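Engineer: Single-letter residue listing:
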Amino acid sequence: MWYHKPDINEELLQSLPNLKVVASSGVGIDHVDLNLLSSYGVKLSNTPFVVSTDTADLGMALMLASSRRLVEGSHQMAVSHDTEYFPADWLGTDLSGATLGIVGMGTIGYKVAQRAKPFEMKILYHNRNQRNKEEESAVGAIYCKKIDDLLHQSDFVLLSVSLTPQTHKLIGKRELELMKPTATLINISRGLVVDQDALVEALQNKVIKAAALDVTYPEPLPRDHPLLKLKNVIITPHIGSATKKTRRLMMENMIESIQAGLTGLPIPNEVL
Amino acid sequence: AARGRCDLALICGAAMAVFVTRRIPAEGLRVLSQAGGCCVQQWDSEEPVPRAELLEGVKGKRGLLCLLSDRIDREVLEAAGPSLKVISTMSVGFDHLALDEIKKRGIRVGYTPDVLTDATAELSVALLLATCRRLPEAVEQVKNGGWTTWKPLWMCGYSLSDSTVGIIGLGRIGQAIARRLKPFGVKKFMYAGSHPKPENAAEFEAEFVPLTRLAEESDFVVVTCALTPATKGMCNKDFFSRMKKTSVFINTSRGAVVNQEDLYNALANGQIAAAGLDVTMPEPLPTDHPLLSLKNCVILPHIGSATYATRSTMAVLAANNLLAGLRGEPMPQELQL
Chain A
1 MWYHKPDINE ELLQSLPNLK VVASSGVGID HVDLNLLSSY GVKLSNTPFV VSTDTADLGM
61 ALMLASSRRL VEGSHQMAVS HDTEYFPADW LGTDLSGATL GIVGMGTIGY KVAQRAKPFE
121 MKILYHNRNQ RNKEEESAVG AIYCKKIDDL LHQSDFVLLS VSLTPQTHKL IGKRELELMK
181 PTATLINISR GLVVDQDALV EALQNKVIKA AALDVTYPEP LPRDHPLLKL KNVIITPHIG
241 SATKKTRRLM MENMIESIQA GLTGLPIPNE VL
Chain B
1 AARGRCDLAL ICGAAMAVFV TRRIPAEGLR VLSQAGGCCV QQWDSEEPVP RAELLEGVKG
61 KRGLLCLLSD RIDREVLEAA GPSLKVISTM SVGFDHLALD EIKKRGIRVG YTPDVLTDAT
121 AELSVALLLA TCRRLPEAVE QVKNGGWTTW KPLWMCGYSL SDSTVGIIGL GRIGQAIARR
181 LKPFGVKKFM YAGSHPKPEN AAEFEAEFVP LTRLAEESDF VVVTCALTPA TKGMCNKDFF
241 SRMKKTSVFI NTSRGAVVNQ EDLYNALANG QIAAAGLDVT MPEPLPTDHP LLSLKNCVIL
301 PHIGSATYAT RSTMAVLAAN NLLAGLRGEP MPQELQL
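Going line by line, the protein sequences match chains A and B. Here the UniProt record's numbering is used: the first residue of the first sequence is 1, the next is one more, and so on. Here the UniProt record's numbering is used: the first residue of the second sequence is 1, the next is one more, and so on.
The following block holds chain B by itself, in its conformation from the complex (with noise of 0.2 angstroms):
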């Protein structure tokens, strides 16, 4: 049950007044509670602050250190009043922000691109590898009886030897998961995205290529693109349609850029050989939603930077962040708006 409530009661000093919406990593907490001239209100909780005690608890604050999973839209934004100079977002990712209205207003913005690019990477091709080695479904096997012997063609998955890599989003996280895609045999690596980069793209020659391109060649296809209104359910019914039967599908951006009926649907045909999302829409996914019935999908709770180490970097810069913004100064890590 969730327990963190707002301590209505606690009298901020009006010049640094900041409202966390989540229990965050230790280390983060203590960067703003012994910065000098901080107050701090918290919902203490592992579970996300309702909405009615965030536009409670954002009234009046300087600063406002928020996740993903927090809607700042104009309601919050309104809500907060004109003294919120200063978001601080523990994400690289940056969709849940409104970022017009947040602009207009002249607030600032924080986020934690970097730090999280090796261990969103790693969960990324370890998702991949699940995905295409049937792991979920053969740890099953063992568990239930499954198992009774060897079988040349039981349990047999794609592997990424001489295989063609299609990255949507060749940014510092596809670049990362392309690295470590490499000396696994990959023939050809092609990406799509809104421009070229050819700076990205040498370190493994991969050839920019329109999406649709891309979704008939690839044998893996990754996308590790930002949310966008150009990205938004792009990966669709004529995407899926293009792709190869024996292709795997693994999405580690953001749930809204497939469309998750015709993903089902396309997995439920034999359209696609197998997906592994770590994002989906909404998170949580109800349990009784058909992507989990399918045994070629493998669902992650969203966990691309959830290693005690990197969660515990992001909690720090983004609390120097938000200090940073509180205090006029340059940030760590601002987001140009």
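Bound conformation, chain A alone (with noise of 0.2 angstroms):
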């Protein structure tokens, strides 16, 4: 299955019982309830390290098109008919010397580490468990146990966490509040991480200065949602993994898994 669609339900289960295995494309699997799956004897499969490059650039490319104001130059002003000329004061931010931090050190985090590395940022990351020294020498990183510490340095606030219920608005009206003033929230995880409503209130109150979201709740966002209408918010529409290497990636390794699943052999990238 491609994104989250169909919904797998009991409805759905009890019209296939013949079902043995369901790939699901990604890495993320809030979608799919597996204690329902395993009920029914069904294995799931997802697409876990292909995707992870991607969506890592694709954080970076969010990071910097905030920092420079990208979106707002190029598209809003240059195709615009109302644009007679580009102001001389079209200033950003530099990515070097501010500090970035990552909640959610996992495959995609660790990636954007050694992204942001060369752009000399200082980056602090908050996990539930600490990485190696190893690890964390080699992009600079350093472990703020406590996500408040994280939030109050951060000039970027990078989300790459998997929506658990642990992380079900894990960024809420507290954690904005907690967060500088100047700073700009980045979500590549899931729409459902983030306190949507308290994120519009803390962007239109300035609380937080910017975000830059490829992930909403739902997707796409109907559109007369407020989170469309500020200037200094961007949002693409979940396009972390999409490049037509990984998606054909993506693709033979769900083949994969579903051919493994149907032969009785193990299966990779199982989701147990």
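Simulated from the structure, these hints should not be mistaken for lab results. It should be emphasised that the depicted structure is a prediction, and the values quoted were computed from it without experimental measurement.
Computed cross-link-like contacts, BS3-like style, restricted to lysine-lysine with a CA-CA straight-line distance of at most 30 angstroms:
1) Lys173(A) <-> Lys143(B)
2) Lys146(A) <-> Lys117(A)
3) Lys151(B) <-> Lys5(A)
4) Lys229(A) <-> Lys206(A)
5) Lys187(B) <-> Lys244(A)
6) Lys151(B) <-> Lys20(A)
7) Lys117(A) <-> Lys187(B)
8) Lys229(A) <-> Lys151(B)
9) Lys117(A) <-> Lys145(A)
10) Lys117(A) <-> Lys182(B)
11) Lys143(B) <-> Lys169(A)
12) Lys188(B) <-> Lys117(A)
13) Lys5(A) <-> Lys143(B)
14) Lys295(B) <-> Lys231(A)
15) Lys188(B) <-> Lys244(A)
16) Lys103(B) <-> Lys85(B)
17) Lys133(A) <-> Lys182(B)
18) Lys244(A) <-> Lys143(B)
19) Lys151(B) <-> Lys245(A)
20) Lys197(B) <-> Lys117(A)
Join these two chains into a complex; the hints should help.
Structural biologist: Shown next as structure tokens:
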């Protein structure tokens, strides 16, 4: 299945008594009820590592686009019929010397850190577990056991956690208020990791400076949603893994998993 | 509406009269206004100084602080007269300065290398990523309702992973870009230019190649060379015809390095996949220019060095270059003519 359709529920599973394996695209599995599947004896696979690079790339792209006001400059200004000239004071902020706080230092989060390093950013991270010394020093990342410490210090807060009951609304009103008023929130994880209403309010009241989101809730956002009207928000339509090469690899992974599942062999990328 | 009128009634002591061609960051202006014996006349506007005002404003001045959008040619130098001793540009590029004429008159020139390298490299990478991952297009789909659901092959872009990156002009900015691209999984760097630069290339194991080979083998072409008679129009029909259909072309050097009509054709005919430009000819590009109609062309309004901190630093450096020149002292950053 691609994305989160069709809905895997009792009705579907009952109508497919011979179902052995569900191969889900992407790494996120928050849309699947694992217990339900397993109660029907159906196995689940995802496509973890293959999406990591493109998603990390997109996280960097969003951070850069936001800090240098690219979308405003390129799209809204360059192609708008109202534009008569480009103002000389189109200023952004440097990544060099700024602090990046990565929330969720898994495969994707770590790749973001690797990419941010040569930009001379100070890198903080918050994770369930601390990474080992070699991994930390390879990217110059400093562990923040408490997320509050990361939020206080970061100029850019990037979310790359998986969506679980523990990370649902991880970033709410309280967390947004802990962030610097000059900070930018970048989300490449799942829309529900953020309390979206609280985010809208925080952006409107300048509690934080800006946001760049590849994920929202729902997707797509209704066209009259306040997030779409805010000048200091960039929203991309969940294109984290959107390169032809990666999508082909995802497809190959999924087929591999299905074939293994059907022949009773161990399933690569099985989610247990 | 442009406001800044030159104060023609301003009486400057002839010793250190300077003309500043635009409103610049306050920190830079402060360096000049706080310097003893320096009398500043300024076109105090965000808009470029009109030609007539420039010719009038430079008359009898000893120093000129200008921007890359000011063409300092023989006409300006003649208008200034023999009093002009120093030109300080708030840029690292100097293609807007008629260096032969300037050198002939014994005028010294200051510029602003190094201080803008990081900001420009960041912007170049930002532009590359925005172009290859189709960010402006994708954002537009979010706003206009084109985004209905996630689809496997929708809005797919190109990845740096396992790619070959070709840099035209492996100078300070070119190197800073290569350094930032490396962890994105670039498999190979190559570069072209007037001569090999092994010290610059070593960090990336970059291979020095002819321009034609760079065009043929690169997945990403990044142009960061100076604009000179040799590089003018260098990226033309022949160049684009050699590039891969899946390749991405990025220019953050000067607009005139590219033959824009040839670029348009290459993009429109699918000869190359996409282009990202921070510089064009002219600047600004007229808003009805064909390049602006292409979905696979991202254009930015020359914001390479546009961060608050960097512009402030550039202004202070340009002011210090100017003062040093006026005092007959070594400049922090003097352009060797």
